[in-house]
Amino acid sequence: MTLVPPADHDHLPKKEQVLQSRIPTCSRKRATTGNWWATRPVSRVGFIYEDSAPRQLYAYEIAIDSSCISQLEQQFRCLRFSSLRSMASESLRLILFDESADAFSVALWDKGMFGLNYPDQVDAAKTNWNNNLPVNPLRESDGFSINQWFGHGYKGFPPKSGDFMVLPSGGKYSGDVHCNRYGSRTRNPNITTPLPQYACDVSQDWKTHPLIYRL
Amino acid sequence: MNTYGQPVDNSKFGGTALAIAYTSDVASLQPNDMTIISVNYNSVWEREIVYDIPAGLPPCPPGGCLCTWNWIHQSSSLEGYANEIVSLMGQRAPTCPSLTGSTTFYTDVR
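Sequence order for the protein chains is A and B. Each residue of the first sequence is one higher than the last, beginning at 0 in numbering that gives the first Met the number 0. Each residue of the second sequence is one higher than the last, beginning at 0 in numbering that gives the first Met the number 0.
The reader is advised that the hints may include incorrect statements.
One-sided and incomplete, this derived list gives chain A residues near chain B with beta-carbon spacing under 8 angstroms [claimed, not checked]:
#, residue
1, Phe149
2, Gly150
3, Val176
4, Gly182
5, Arg186
6, Pro188
7, Ile190
8, Leu194
9, Tyr197
To give an idea of the interface, some chain A residues facing chain B are shown, with a C-beta separation under 10 angstroms as derived from the structure [to be verified]:
#, residue
10, Asp109
11, Phe113
12, Ala124
13, Ile145
14, Gly174
Don't read these hints as lab results, they were simulated from the structure. C-beta: ideal position from N, C-alpha, C; glycine also.
Chain A on its own, in the form it takes in the complex (with noise of 0.2 angstroms):
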């Protein structure tokens, strides 16, 4: 099996290329945002494609070396991480996962939230389809001032002029919660397939795609 990055980024990864094993002790774990997992055991292994700008990840990953590839690779026989080993530098993250940690976040999606685009501006070039920085929870121990977590600190990001969340007085909202916008109804529209029942999925796809539904 060889590692193929997906060829739309809207997608995301394959089965196939999510492994599930212990993981060995080679790999660092490395946080953005601090160290309060670094003891905690790893149990599953992922990787995402990312393009160029590095995301802010919630999530487990590893700063891939080339003693731990080459560890990966005697534990994953079957795989061949030759490809990963040229990506690793710029576009491939390996994710680890913890069983135990269950946490994840989400947020509610509509086309008049600050921060749909974000890290980018909502009219930029670039749309994020896939983001969930919106959704990653933001911890006491980092000390924000208001306007850091007030609205998620997005204040500077606003909706698109006029795209308002509409709320009928005397109705009903109908919204979308989810750990990513692509589960949501500000989904990129050529998506066709169903959107999700839950919030963050709970379906048997959890079993092969931690990485996913984990961000």
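With chain A fixed as given, assemble chain B onto it according to the hints.
Just chain B, lined up with the frame of chain A:
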């Protein structure tokens, strides 16, 4: 915490709320400006979420209202993350502890 593959335990839901402020000026918007107008006790669980919007809400100013979606996290025994969020918001918005300020929206009442 509700876990994968188990029956839903509604007591584990912290609930979510919509709050509104009748201003279009996001720069000056503060947590205490928000007023809760609707709650959904059985969330977060399914993707689609419905809030009853009270009748008789006054119309918004031309630039729209501002709205926050607020999620009361329940403790996650293994992770500890959710607890921290609640305490964070409680401390920083003591007169309005239910606000977690997750997301802000420009809102129009129709």
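To see whether the hints hold, each was checked on the structure:
1. Phe149: Check passed: Cβ of Phe149 of chain A comes within 4 angstroms of chain B, closer than 8 angstroms.
2. Gly150: Gly150 of chain A check passes; min Cβ-Cβ to chain B is 3 angstroms, inside 8 angstroms.
3. Val176: With a closest approach of 5 angstroms, the Val176 of chain A hint holds.
4. Gly182: holds (6 angstroms)
5. Arg186: Status violated, d = 11 angstroms.
6. Pro188: violated (17 angstroms)
7. Ile190: Cβ of Ile190 of chain A sits 14 angstroms from chain B, so the hint is violated.
8. Leu194: holds (6 angstroms)
9. Tyr197: Result: holds, 6 angstroms to nearest chain B Cβ.
10. Asp109: holds (6 angstroms)
11. Phe113: holds (4 angstroms)
12. Ala124: Violated, because the Cβ-Cβ distance from Ala124 of chain A to chain B comes to roughly 22 angstroms (cut-off 10 angstroms).
13. Ile145: Since chain B brings a Cβ to about 6 angstroms from Ile145 of chain A, closer than 10 angstroms, the hint holds.
14. Gly174: Gly174 of chain A check passes; min Cβ-Cβ to chain B is 5 angstroms, inside 10 angstroms.
Checked against the numbered hints above, the structure breaks hints 5, 6, 7 and 12 and satisfies the rest.
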